[in-house]
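For this one, chain A is given, so just place chain B on it according to the hints.
Same order as they appear, the protein sequences are chains A and B. For the first sequence, this note's numbering assigns the number 3 to the initial residue and increments by one for each residue that follows. For the second sequence, this note's numbering assigns the number 49 to the initial residue and increments by one for each residue that follows.
These are computed hints drawn from the structure, not numbers from a lab. Here the structure is a predicted model, which is why all the values come from computation and not from measurement. Some clues are possibly wrong.
Mimicking EDC-like on lysine to aspartate or glutamate, the simulated pairs with C-alpha atoms at most 20 Å apart in a straight line are [said to hold, decoys possible]:
#1 A:Lys96 to A:Asp326
#2 B:Lys183 to B:Asp91
#3 A:Lys7 to B:Asp196
#4 B:Lys183 to B:Glu252
#5 B:Lys183 to A:Asp140
#6 A:Lys7 to A:Glu282
#7 A:Lys7 to B:Glu252
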Amino acid sequence: MYVAKRVAQAFVTFVAVVTVTFALVRSIPGGPADFIRAQVMRSGGSDEISMSEINSLVESYTNIDPSTPLHVQYFNYLTSVLQGDLGQSIWYNKPVSDIILGAAPWTIFLLSVSILLTFGIGIVLGAVMAYLEGTRFDNGSTIVSMFLNSVPYYVAAILFVYVISIQLGMLPQSGRYASGLDPGMNLEFIVSALRHAILPIVSLVVTGFGGVAITMRGNAVQEIGEDYIRVAHLRGVPGRRIATRYVGRNAVLPMYTNFMIAIGFMFGGSVILEEIFAYEGLGYYLLSAINTGDYPLMMGGFLIIALAVLICILIADLTYSMIDPRIEDQGSREAY
Amino acid sequence: MAEQNSSFSQSDGAAGGQGASQADIYREWIDMAVLTPIRVAWDDWRTQVGSIIIAFYLLMGTVGVTLVDPPTQGQGDRYVPPFQDWSVPLGTNNLGESLLSSTVHATPPMLQMIAAGAVFSTVLATAIGTVSGYKGGAVDRILTVFTDIAMTIPGLPLIILLTAVFEPTNPAVIGIIITINAWAGLARSIRSQVLSLRDHSYVEASRIMGAPTRRILVDDIIPNIMPYVLINFVNSARNVIFGSVALFYLGLLGSTHENWGIALNNAYNDGAIYSLDVLHWLLIPMFAIVGLSFGFVLFAQGTEKLFNPRIRARHAETVEDDTAPYQE
Chain A
3 MYVAKRVAQA FVTFVAVVTV TFALVRSIPG GPADFIRAQV MRSGGSDEIS
53 MSEINSLVES YTNIDPSTPL HVQYFNYLTS VLQGDLGQSI WYNKPVSDII
103 LGAAPWTIFL LSVSILLTFG IGIVLGAVMA YLEGTRFDNG STIVSMFLNS
153 VPYYVAAILF VYVISIQLGM LPQSGRYASG LDPGMNLEFI VSALRHAILP
203 IVSLVVTGFG GVAITMRGNA VQEIGEDYIR VAHLRGVPGR RIATRYVGRN
253 AVLPMYTNFM IAIGFMFGGS VILEEIFAYE GLGYYLLSAI NTGDYPLMMG
303 GFLIIALAVL ICILIADLTY SMIDPRIEDQ GSREAY
Chain B
49 MAEQNSSFSQ SDGAAGGQGA SQADIYREWI DMAVLTPIRV AWDDWRTQVG
99 SIIIAFYLLM GTVGVTLVDP PTQGQGDRYV PPFQDWSVPL GTNNLGESLL
149 SSTVHATPPM LQMIAAGAVF STVLATAIGT VSGYKGGAVD RILTVFTDIA
199 MTIPGLPLII LLTAVFEPTN PAVIGIIITI NAWAGLARSI RSQVLSLRDH
249 SYVEASRIMG APTRRILVDD IIPNIMPYVL INFVNSARNV IFGSVALFYL
299 GLLGSTHENW GIALNNAYND GAIYSLDVLH WLLIPMFAIV GLSFGFVLFA
349 QGTEKLFNPR IRARHAETVE DDTAPYQE
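Bound conformation, chain A alone (with noise of 0.2 Å):
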């Protein structure tokens, strides 16, 4: 039943996205239809070309068709948007879905290392500092974990490229593998892509975990300060136990939140980050989209990322629900 509700949910939510970005398409100066327009103007040269030809082409690239009615181009590009047919890529002449196809993979494996990684080395180090609380080795790390974590991700990165791959040559600059490489499960292209990998990783992962590690610290000294942690000490309950499974367990509860703001935002950041890396992945070509003015790459790259972010968090979101069974009576409270 809970599962059923946070897909259903998630459905809603992806109907959402789909609105908003048809709207805020519709009311970019200028829009699809006029740059399609010009375009054709452009190449046609002096070749009369009758409004409904333009209106047809406008149709086959962004599946938004001009001279229809609003709420029947709304209901048409919902519908292609759920058949999965995200239109024509003006810039790259290719279906917009195929060019996601080959990009997803990169950026869904890239932030999904990154999110794991931010989370567990700053559950694992926040709650060392919470028993160790008060020691050097815990004011060392809360002070360090708040300057990484008041380091933005990007500027990290420039760091990085700067020191590690340009000064020093230890690493790739840019791109998701060396150039002429067949991609294949082959080690060479694995090794390849791994090491082209390392350093947007790391640049999300050095700037993300200090954040992680504070807020389990804080949540870890409350809960070792609560009753029944004493009681459990009494009863002779052994202490790794209570740490992994008393404390441990409670204090990354409440960071549930966290995690999917956490999910949304790293998304969100692949466009600069995947900038600065030259790393084509979903949000490299979301921004070349803005740049060149490719609306349907431009919409349709907004949607697969909303897309991941929505079954990231519904995956959180069912993971949740089967570690804490409290969530499920949220709907017997009495409403005022």
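Chain B only, in chain A's frame:
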């Protein structure tokens, strides 16, 4: 805590004389709501350092801009390293612009963006979070779905689309666009805080007495989550810095006004990363960005123990430390 108690007894004494005047109530409120938290927070070195850093940037944005000339081409030779020529103390870039000038003159719009964005996101989050958490039922469900939608839409791409649509130039408008969906996460966490408050006995009492929802929220609920809201106000300030510098770095806002992101972008694309000699061109905007956000992070962390009594107690020397984990 001691200070809070003493403020109570003082005002009680004054009230006992001839009934509390409006001024007394006001003074007591100031002491309780403003001075005591400041005293507690000021005990922490992080608050002190954070406040000093923020005050420094405020001075730079107000007094600094009158002392330092606006950046123009040819203020000095090209690529002057910092601390060499005292007419351009922080050196110059490829056009001979003084980096001190461009850093200082980027501060006022940055502060405006921070103020607008932080106020917008915090007020919206508090309103939606408290109403949703307190009311429950259908109102809660609708607001939660609305919040979830806002949280799911990827922030930076949405902001980029919005800047493409509206082409904002006013720093305050840019600040609001940057936090256009940043309120959602805060609203969700405020909602879960309110969930634990809504059935407290004093809230129950107000409800039975027939107080309207608006009064209960303003008088009973919001004061309790105020410290939490304040900390998140500071955190969203940091996010506005990150977001605005990102937009300017990507060149999506043009150069309507000075920004550290523009300097960063110019330095990165015009070769500062390939040469050690002009590294200052890249580092100075970085220091400016990280410095201000570090100030905000320190301030937020220093004030955090205001609302975590256990952390406060454990740091107080007068409280017996019986909360430490038992060692094996």
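For each hint, the structure was consulted:
Proposed proximity of lysine 96 of chain A and aspartate 326 of chain A is contradicted: the alpha carbons are some 46 Å apart, above 20 Å. Taking the CA atoms of lysine 183 of chain B and aspartate 91 of chain B, the gap is about 38 Å. The hint is violated against a cut of 20 Å. Between lysine 7 of chain A and aspartate 196 of chain B, the direct Cα distance comes to roughly 14 Å. Compliance with the 20 Å bound is thereby established for this hinted pair. Of the pairs offered as hints, the one joining lysine 183 of chain B and glutamate 252 of chain B holds, with about 13 Å between alpha carbons and a cut-off of 20 Å not exceeded.
Taking the CA atoms of lysine 183 of chain B and aspartate 140 of chain A, the gap is about 41 Å. The hint is violated against a cut of 20 Å. Under the criterion of a C-alpha separation no larger than 20 Å, the hint pairing lysine 7 of chain A with glutamate 282 of chain A is inconsistent with the structure, at around 35 Å. Pair hint lysine 7 of chain A plus glutamate 252 of chain B does not hold up; C-alpha atoms about 31 Å apart against a cutoff of 20 Å.
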